[in-house]
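Let the hints inform the model, and build the full structure from the sequences given.
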Amino acid sequence: GAVVSQHPSWVICKSGTSVKIECRSLDFQATTMFWYRQFPKQSLMLMATSNEGSKATYEQGVEKDKFLINHASLTLSTLTVTSAHPEDSSFYICSARDRDRYEQYFGPGTRLTVT
Amino acid sequence: AQSVAQPEDQVNVAEGNPLTVKCTYSVSGNPYLFWYVQYPNRGLQFLLKYITGDNLVKGSYGFEAEFNKSQTSFHLKKPSALVSDSALYFCAVRVATLNAGKSTFGDGTTLTVKP
Numbered sequence: 001g002a003v004v005s006q007h008p009s010w011v012i013c014k015s016g017t018s019v020k021i022e023c024r025s026l027d028f029q030a031t032t033m034f035w036y037r038q039f040p041k042q043s044l045m046l047m048a049t050s051n052e053g054s055k056a057t058y059e060q061g062v063e064k065d066k067f068l069i070n071h072a073s074l075t076l077s078t079l080t081v082t083s084a085h086p087e088d089s090s091f092y093i094c095s096a097r098d099r100d101r102y103e104q105y106f107g108p109g110t111r112l113t114v115t
Numbered sequence: 001a002q003s004v005a006q007p008e009d010q011v012n013v014a015e016g017n018p019l020t021v022k023c024t025y026s027v028s029g030n031p032y033l034f035w036y037v038q039y040p041n042r043g044l045q046f047l048l049k050y051i052t053g054d055n056l057v058k059g060s061y062g063f064e065a066e067f068n069k070s071q072t073s074f075h076l077k078k079p080s081a082l083v084s085d086s087a088l089y090f091c092a093v094r095v096a097t098l099n100a101g102k103s104t105f106g107d108g109t110t111l112t113v114k115p
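The listed protein sequences correspond, in order, to chains A and B. Quick note: the first sequence, position 96, residue 96 per this note's numbering, numbers continuous. Quick note: the second sequence, position 43, residue 43 per this note's numbering, numbers continuous.
Worth flagging that the hints you see were computed from the coordinates, not collected in a lab. None of the values given here were measured: they were computed from a predicted structure. Don't take each hint at face value.
What the hints assert, rightly or not - Using 25 Å as the maximum straight-line C-alpha spacing, the simulated PhoX-like pairs for lysine-lysine come out as follows: (1) A:Lys14 <-> A:Lys66; (2) B:Lys102 <-> A:Lys20; (3) A:Lys64 <-> B:Lys102; (4) A:Lys20 <-> A:Lys55; (5) A:Lys14 <-> A:Lys64; (6) B:Lys102 <-> B:Lys49; (7) A:Lys41 <-> B:Lys49; (8) B:Lys58 <-> B:Lys77; (9) B:Lys22 <-> B:Lys58; (10) A:Lys66 <-> B:Lys102; (11) B:Lys58 <-> B:Lys114; (12) B:Lys22 <-> B:Lys69; (13) A:Lys64 <-> A:Lys20; (14) B:Lys77 <-> B:Lys22; (15) B:Lys114 <-> B:Lys22; (16) B:Lys22 <-> B:Lys102; (17) B:Lys58 <-> B:Lys69; (18) A:Lys41 <-> B:Lys102; (19) A:Lys41 <-> B:Lys114; (20) B:Lys22 <-> A:Lys41; (21) A:Lys55 <-> B:Lys102; (22) B:Lys58 <-> B:Lys102; (23) A:Lys41 <-> B:Lys77; (24) B:Lys49 <-> B:Lys77; (25) B:Lys69 <-> B:Lys102; (26) A:Lys66 <-> A:Lys55; (27) B:Lys77 <-> B:Lys114.
This is the structure in structure tokens:
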């Protein structure tokens with residue numbers, strides 16, 4: 001149990017285009033979802049926290065208009081990187097937690113490369 | 001504010017020897033403590049958690065951790081290391097609130113187990 005999927009696993013896009021990443025909890029209801037960014041050999045940087053049906057809460061320094069997060073249902077959250085630039089290239093990881101769990105469960109990550 | 005420190009960037013052990021990955025924390029209130037493991041180009045996998053009760057908690061793959069309130073530590077241990085344990089390990093903490101609150105992650109410790 002407690003599986004989180006993420007799609008796509010990797011994506012290459014051209015500078016200026018937008019990319020959508022999906023995060024799904026497969027066997028539980030994710031009342032809270034988190035989006036992280038991770039640089040090579042570094043820790044997770046929390047970008048935003050979203051609760052189902054509410055607007056996402058962004059961390060300081062994260063541009064909400066650039067990283068659009070939608071938590072439309074208890075099993076799906078999406079992160080859209082708008083007008084992507086090469087500096088947005090990174091490993092993006094989603095995580096989910098429900099009201100009955102203390103721990104978070106993580107998706108497998110999405111490797112984004114912007115050329 | 002809450003914080004986590006993993007004082008060692010790298011831990012090297014020989015296969016069959018015991019391993020310890022250190023973690024100390026700072027939080028206002030009762031902590032929830034977690035260990036996660038990350039393999040290359042993958043998301044994080046949950047290993048174990050301390051919520052309340054026995055200070056020694058056992059988790060996946062033979063790992064265990066001991067909660068020490070006086071030393072504000074939650075070190076990860078395994079009696080006999082395997083080469084397959086080689087990975088990046090993250091300690092995390094958050095305040096004891098089930099339905100809210102975000103976790104703070106340490107910077108990670110790379111464990112290398114040599115044959």
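Holds or violated: Lys58 (chain B) to Lys69 (chain B), with C-alpha atoms at most 25 Å apart: holds (17 Å)
25 Å limit on alpha-carbon distance, applied to hinted pair Lys22 (chain B) and Lys102 (chain B): Since the Cα atoms of Lys22 (chain B) and Lys102 (chain B) sit roughly 21 Å apart, the hinted pair holds (cutoff 25 Å).
Given pair status - Lys102 (chain B), Lys69 (chain B), alpha carbons within 25 Å: holds (21 Å)
Lys77 (chain B) paired with Lys114 (chain B) [C-alpha distance capped at 25 Å]: Holds. Lys77 (chain B) to Lys114 (chain B) sits at ~17 Å (cutoff 25 Å).
25 Å limit on alpha-carbon distance, applied to hinted pair Lys49 (chain B) and Lys77 (chain B): At roughly 13 Å apart (the allowed maximum being 25 Å), Lys77 (chain B) and Lys49 (chain B) satisfy the hint.
Hint consistency between Lys66 (chain A) and Lys102 (chain B) [alpha-carbon to alpha-carbon, up to 25 Å]: holds (22 Å)
Holds or violated: Lys102 (chain B) to Lys49 (chain B), with C-alpha atoms at most 25 Å apart: holds (15 Å)
25 Å limit on alpha-carbon distance, applied to hinted pair Lys41 (chain A) and Lys49 (chain B): Roughly 24 Å separates the two Cα atoms, so the pair holds.
25 Å Cα cutoff - pair Lys22 (chain B), Lys58 (chain B): holds (16 Å)
Lys58 (chain B) paired with Lys102 (chain B) [C-alpha distance capped at 25 Å]: holds (23 Å)
Pair hint outcome, Lys22 (chain B) versus Lys41 (chain A) [Cα-Cα no greater than 25 Å]: Given pair Lys22 (chain B), Lys41 (chain A) holds - Cα atoms ~18 Å apart, limit 25 Å.
Restraint check for Lys20 (chain A) with Lys55 (chain A), where alpha carbons must lie at most 25 Å apart: Holds, because 17 Å separates the two Cα atoms, which is no more than 25 Å.
Checked against the numbered hints given earlier, the structure satisfies every one of them.
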